[in-house]
Amino acid sequence: MNEIIKSLKVAVWFMFLTFPIMVIKVNTVYHIIEWRWMNMAMIGIGTFLISLLWRYLLERKDKKKPSDGVTLSARAQAYVQSRPLVKKGLGLAVLAALTVIPSFADAYQVNILTVALMYVVLGLGLNIVVGLAGLLDLGYVAFYAVGAYTYALLNHSFGLSFWIVLPLGGFFACIFGILLGFPVLRLRGDYLAIVTLGFGEIIRLVLENWSEFSHGPSGIAGIDRPNFFGLDLTLNQMNGAIYYMMIAFTIVTIFFVARLQNSRIGRAWLALREDDIACQAMGVGRTRTKLMAFALGATWAGLMGVVFAAKTSFINPASFTFLESAIILSIVVLGGMGSIPGVILGALIMILLPEYMRAFSQYRMLIFGGAMVVMMVFRPQGLVSNFRRKYSFHGMDERLGG
Amino acid sequence: MENVIQVNGLTMDFGGLRAVDSVDLYVKDKEIVALIGPNGAGKTTFFNCITGIYTPTKGDILVRSTKSQPVRINGFKPNRVTERGLARTFQNIRLFQNMTVLENAMIGKHCRLNAKILGALFRDKKTKAEELKAAQECWEILKKMGLENQCDELACNLPYGDQRKLEIARALATEPRLLLLDEPAAGMNPHETEELTHLIRKIRDEENIAILLIEHDMKLVMNLSERIYVMDHGQKIADGTPMDIRNNPEVIKAYLGEEIDA
Chain A
1 MNEIIKSLKV AVWFMFLTFP IMVIKVNTVY HIIEWRWMNM AMIGIGTFLI SLLWRYLLER
61 KDKKKPSDGV TLSARAQAYV QSRPLVKKGL GLAVLAALTV IPSFADAYQV NILTVALMYV
121 VLGLGLNIVV GLAGLLDLGY VAFYAVGAYT YALLNHSFGL SFWIVLPLGG FFACIFGILL
181 GFPVLRLRGD YLAIVTLGFG EIIRLVLENW SEFSHGPSGI AGIDRPNFFG LDLTLNQMNG
241 AIYYMMIAFT IVTIFFVARL QNSRIGRAWL ALREDDIACQ AMGVGRTRTK LMAFALGATW
301 AGLMGVVFAA KTSFINPASF TFLESAIILS IVVLGGMGSI PGVILGALIM ILLPEYMRAF
361 SQYRMLIFGG AMVVMMVFRP QGLVSNFRRK YSFHGMDERL GG
Chain B
403 MENVIQVNGL TMDFGGLRAV DSVDLYVKDK EIVALIGPNG AGKTTFFNCI TGIYTPTKGD
463 ILVRSTKSQP VRINGFKPNR VTERGLARTF QNIRLFQNMT VLENAMIGKH CRLNAKILGA
523 LFRDKKTKAE ELKAAQECWE ILKKMGLENQ CDELACNLPY GDQRKLEIAR ALATEPRLLL
583 LDEPAAGMNP HETEELTHLI RKIRDEENIA ILLIEHDMKL VMNLSERIYV MDHGQKIADG
643 TPMDIRNNPE VIKAYLGEEI DA
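So the protein lines, in turn, are chains A and B.
According to the numbering used here, the first sequence is numbered sequentially starting from 1.
According to the numbering used here, the second sequence is numbered sequentially starting from 403.
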């Protein structure tokens, strides 16, 4: 009852607030004022219902807390985690599905799947920095740009092939990661976010304005596509080949990130995220650990940058705006910080949904914003919360589980 | 016996405020020493100077970690200090809340391991063996502290007393020669304090390490420590055995205020 009265109040308040814009319409041709009372009624009913729903969901969320959240999804996660065979089976099923897709889907589908996989890798790379080490990096796209321009320029000027530049791109991005890491070692939280944001913009602005070096806003065209065993491929076949390469790439990334996460270094990152003073006092070198997170995160962005340049065969600075960083960051946050399946899910949702819902493309930003707000209120830990590996350990001769 | 740590004339200024004023202190091998004093006496600042969180304004901190010459550790980063064999706990618990108990302890082991990135990526035999050994050693330490059954629990889910114990366990995992405890009994009930007293003594006896502790619980201090330093207003006002300290007029004055002559 109380809730209904509160919702009624909200509805009345909204009707009052939107009165000037939704109800009064001045017709300047005939000099009359139209009173659209119908709109007011709709707003009233609409806000009333939404407010009621919102309250109901909030209440349910608060109620659920003491029972320690044995929801269906959590149970499913625990089930999958506890049975390595099921986990492997699921992975293989997804892999099989991904491999057969190109045989019946058209080029468009393959293309957007490739893009989605690229964002999976980017998300996993950023996940090292943001999810594991807890360093909020808003300029991640800068490393992506470094990788892309490395390939574009080396290919353009020296004709170096994709496979030679791929590690080079990763290497250069890694160097830039360390370069960014040094000045921000002492910074945390908001300050770090601002500096990284600035760094991302600096890279983009340099690329845009230093025409002799980067060909400016017009970008670099005619970048060679990757060469697969010297085969002569048509455009469609090339897309397919890049798609399979991305699948391999994604698997390697998942594999490496999972291992990093469960290693001595991964533990140090988590500790750094939890409490950096205690972390240092326990003998973890802060400088080294932070730089390593930046460098490794950047490496993956650099590798993806090279793939991106090779895939589109044209790049310009407009591909590396802050929006791109924001998308990758929201993949990590939406999916669940520090959780690999979460990031994969996040990337697929963030990239594939807008593609398949082109009909609603006008409302994309509206839906995106709304979804983010709802997400942060009801599930701040992300879609898939991080299931920490547990050491099953009961005596001297036990082996490590997980 | 040798001094594990020797502090000479340690001074720490914060702007115009002198928080620690030329304090001398030493701790011998396998000794339990207490540092006491009223609130705001500068005890924790002293700890922070030793462990590298602050760089002292003046003075020397000499640490003898092996048989070799003592090393001056002024201005060392906290992690380098820990590598030298000093480990600490915090007054207000600073555990890694969202990590498991075992993982907390394994962070302590961090500086004694040397797996590099490549080892982490390819997880070769050496890295695997090292991880397993570290986990086993940490588990042993947890067992000593009576935490082995909570191994997989998140640190934030532990009861308060166990969190205190885990802090000590984590510090022990760094394989220290000197353990610095900042108010280990804060917030514990008399029974738990009693238990802690035994635990600290047991650690000293079994691990052969020296212990320097800050504490307000006088019963624990008097029971446990072999020597006591008393600080007030940043200065050392007394040192000696528990017996000496109990009867020292300076100390009584610092704690209870000046006696008014009739």
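A few of these clues could be false.
Here are some chain A residues the structure puts well away from chain B; computed CB gaps all over 12 Å [claimed, not checked]: (1) Ile277; (2) Met292; (3) Ala359.
Using 20 Å as the maximum straight-line C-alpha spacing, the simulated DMTMM-like pairs for lysine to aspartate or glutamate come out as follows [to be verified]: (4) B:Lys527 <-> B:Glu539; (5) B:Lys479 <-> A:Glu34; (6) B:Lys604 <-> B:Asp641; (7) B:Lys479 <-> A:Asp232; (8) B:Lys655 <-> B:Asp641.
By construction, these hints were calculated from the structure, which means they are not laboratory data.
All residues carry an ideal CB built from backbone N, CA and C; glycine is no exception.
Verification of the hints:
no.: 1; hint: Ile277; result: violated, 7 Å
no.: 2; hint: Met292; result: violated, 7 Å
no.: 3; hint: Ala359; result: holds, 41 Å
no.: 4; hint: B:Lys527 <-> B:Glu539; result: holds, 18 Å
no.: 5; hint: B:Lys479 <-> A:Glu34; result: violated, 72 Å
no.: 6; hint: B:Lys604 <-> B:Asp641; result: violated, 24 Å
no.: 7; hint: B:Lys479 <-> A:Asp232; result: violated, 58 Å
no.: 8; hint: B:Lys655 <-> B:Asp641; result: holds, 15 Å
When held up to the earlier numbered hints, the structure conflicts with 1, 2, 5, 6, 7 and fits the remainder.
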